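Colleague: Go ahead and model the full structure; you've got the sequences and the hints to work with.
Chains as they are written, first to last, in numbering that gives the first Met the number 0: chain H, 0 to 285; chain A, 0 to 337; chain E, 0 to 389.
Simulated from the structure, these hints should not be mistaken for lab results.
Computed from a predicted structure; not experimentally measured.
One thing to keep in mind: the hints can contain errors.
Claimed, not checked - Here are a few chain H residues that face chain A, going by a calculated C-beta distance under 7 Å:
# : residue
1 : R82
2 : L89
3 : D90
4 : P104
5 : L224
6 : M268
7 : V269
8 : L272
In this text, a Cβ means the ideal position worked out from N, Cα and C, and glycines have one as well.
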Amino acid sequence: MLTILFDGVAYGMLLFLLACGLAVTLGLMNFVNLAHGVFAMGGGYVTALLMNRAGIPFLATLPFAFIVPALVGIVVERLLYRRLYGASPLDQVLLTIGLVLMAIPAFDYFLTDQPQQIHLPAFLQGRFELPGLTIGAYRLFLVVVCGLIAATLQIFLVGTRFGAQLRAAVDDRRVAAGLGIDVGRLFAIAFAIGSGLAGLGGALAADVVGGVDPNFPIKFLVSFLIVVAVGGSRGVAGAFFGALLLGVLDVAGKYYVPSIGAFVIYAVMVTTLLIRPQGLFAKSGT
Amino acid sequence: MSGHEPAEAARVARHLLRRRRWRPLEIVAWTATLALILLIPSRALLINEILILGLFALSLDLALGYAGLVSLGHAAFLGLGAYTAGIMASRGLADPTLGLVVASLVAGLAGLVTAPLVLRGTDLTRLMVTLGVSLMLGELANRNSWLTGGADGLDFTIGRVLGQFPIDFAGRRAAALYSFVVVFALFALARRVTRSSFGQSVQAIRQNRLRAGALGVPANRRLVATYGLAAAYAGAAGALLAQTTQIVSLDIFDFHRSADVLLTLIIGGPGYLYGGLIGAAIFIGLRDALAGATPEYWEFWIGLMLVALVTVCRERIETALKRLARRLRPAPRREAAP
Amino acid sequence: MTSNRRISILAAAAALVAGPAFADDVVTVGLILPMTGQSATTGKQEQAGANLYIQLHGDTVAGKKIVLEVKDDTGAPDVTKRLAQDLIANDGAKALMGFGLTPLALAVAPIATEAKVPEIVTAAATAMITEKSPYIVRTSFTLPQAAAPMAQWCLKNAIHKVVTLVADYGPGNDAEKWFGDVFEKGGGQIVEKIRTPLKAPDFAPFLQRVKDDAPEALFVFLPSGQGAAFMKEFAERGLDKSGIRLIATGDVTDDDQLADMGDPALGVVTTHHYSAAHDSSENKAFVAAFEKANNGMRPNFMAVAAYDGMALLYQALDKTKGATDGDALIAAMRGMSWTSPRGPVSIDPDTRDIVQNIYVRKVEKVDGALYNVEFDTIPAVKDPYKAAKN
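Modeller: As structure tokens, this is what we get:
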């Protein structure tokens, strides 16, 4: 039972890392970015290719799994997303789905549709057997890393000037701009960080979900959206708890009632949204 | 009670009556489609697919373009309609018209039941709730394979339309004609509804719910009714899909079906009823042409066109479509105030 | 005019007159596969297999030129049906091949019957498919064919307590049922039957249940493509060291993915109809040619099925001396037997399904890469589902 709880927490942490970038772009820029999964996939591929083709050790690839998608995010934001900040959500959906449709065959063409596997270093394999609780080494690693990142983000948002400006812009963009905050630059940086985190999440998730393949963005799009919807689009805290809740419920649901399986998270999402349509931690007064 | 009221009411009625008149361009378009089916049977099946997707997108237009309710799970109603028609046919009730009617009713009922869910919260809430519902239905269909055939799909034979016209391999045109008649009839009905005072009030609600409420319009009831109608139309599209292909399977609840219809409607433009049909013609036509040229990578080119459409050509296409829409809708004539 | 010139003019005229007639000597074959979407890997392997056959044996048989039309049905049966109808009516296709999933094959069955066009199923594996039309012939396999022998192997090797874990769809249910029936009839005990969701499953909670059940062996069926993820989770949970043997149908150790699975896959015993390591001259030539034509990609059972589908068609055309009438082709296909890269195969004249050897294999390292090495053979296995009906 405890093992399942722990597994659920680990899975939830991973979901958080993957989805928090989406929460930021949605909450901050009100921009429906359905192509978020492409950045996650990109990070996964960066790690897989660096490890498998260049022999670089796993941990050393992780910074690149963050940086490369972040850089790509900046480019995409400047070139494409920027034009549609004021546009209707439908146009944003059209653009981002178009990007997904382009990315999947492109990755397939250059990298084939075989899932790229990531072979963890020995010290991350194996498990610790305690009475009544089995802790997988890699899952422990995930919990620690994602927890650290979540904590860092929270400190960043609360304790730094940039973070304060970001929160101000989320709460009320016009007033923030009126106060002299360069909202455009803020958006670009926030988007880059969100994409980078997604990439890192993709790299970390690759081992758990069976490798990185070109269909990754579509397979997990629904999961990301569910986390953001349940957690509320305020940002980090909501996404964190939303992800944890979903991770635990999904894993527990599949363990205790395997015949229902995936049904559980959908039902949880619909129920949550019925009770609190803004999500669990929402912006006050949207 | 002001003495202006009867005169106002008469003016509005005259305006609506004028808007309901069929424009020449509309008549040409529908006749041309019928002619295409009859004269080019080799493309009849493609046209059938376009008509069905067009009807599905039309149903989304009613919900999104008129009632302002976004949905990422409209395939729920498509699937309900398709499975209803399919299950009926596989259990001996194979008359297509009966299947069509029952499927629409079932889907419409589901729409009415789920409408309260959709009225709450923001657009994102709506997107997620509708998505969640369609995915849940997909799971339910998978679980109950005794009824739905599960992942193997449900295959069945369909009776003759009106006891006369078989829809089989040789009768490719029959399938397209059947769809054409149904889609045209439903379109005409939708057209009538949206250009009635009911339809006007729904558009007012979409533009500003508070203001409409202040004018005495029962906003929630009208939205629920429109959503139910939209669901019924989607169910009809599902029934057509099931009946003209004689198979239903779980992929009908898939996310990509809801995403495809949303894209189709956005391409054609929501809010003037023809957007769904035009979008369907463009989307399927493009996909067929591209998939013929490159079966593995055609999605890339569609994605590229979508990106180009949104970033570069959006304004140009929108003005062109607006001009088209104006020609499909009579211009309001100004009358001197009484 | 010299007589030479007269002859050349006559010859040219004859060629011109005979020219249009050559168009009749083209046989269009529609290959309908999911080339995009979840099952895209199937499409890729199958297309490569079919093209390889044409490359190796030429595109002419019995005086007819074979033209292969590849179409993507995106895994949606309504699209499959339209593509099939258009191929037959517009392009004059004389045979249809492919069908990556059961509903896709079922969608086309009524068309095959009505138009009298052979439907050669080279991927879908649910047993009842061939019953849906007298024009369906299969060259892939059926799950009962692979699952039942696995149960017999277990009983022979003193394994009596098993948990089954299958993907929740047609072939998965077939595998669970047939393994379970044969196993229990032989005195074995199925402790639990787990079904995993078909899309993007996370195996962790299910494998935790297996660990808690502590059986002697875990029997698995998963669609090709999920094997690697499963294997990883199996190892991560420590199940490979826990004394629970992993047995499966060969889809789990699919040649397509096997090389990447790493050491946790070593020692896994599976039953299947094809291994890229099959020791025969036909297979060695097949694999070498396939890898050469496809950038080193290793062929798997999907590729071999498509390869054999073309082989079947060619041989049928040979037998009918080029007649493309559906009834004649089907009659020619019944009972046909030949040596495929997988081993000897034949088409059962009563059921039109494939009869082939099922091999028991173990994953071992060969020349530094992982392969399914065959160590036992069950010859000429007919589909048990239809055999039980007679």
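Colleague: Give a verdict on every hint.
Modeller: Verification of the supplied hints:
The interface hint given for R82 of chain H holds, since its Cβ lies 6 Å from the closest Cβ of chain A, which is under the 7 Å cut-off. Residue-level restraint check for L89 of chain H holds (minimum Cβ-Cβ distance to chain A is 5 Å; threshold 7 Å). Hint status for D90 of chain H relative to chain A: holds, with the closest Cβ pair at about 5 Å, below 7 Å. For P104 of chain H, the shortest C-beta to C-beta distance to chain A is roughly 4 Å, which falls under 7 Å, so the interface hint holds.
Annotation: L224 of chain H was flagged as interfacial toward chain A, and the flag holds, the nearest CB pair being 6 Å apart, inside 7 Å. At its closest, the beta carbon of M268 of chain H sits 5 Å from a beta carbon of chain A; the interface hint therefore holds under the 7 Å criterion. At a threshold of 7 Å, the smallest CB-CB gap from V269 of chain H to chain A is about 4 Å, leaving the interface hint in force. Checking L272 of chain H against chain A: minimum C-beta separation of about 5 Å stays under 7 Å; hint holds.
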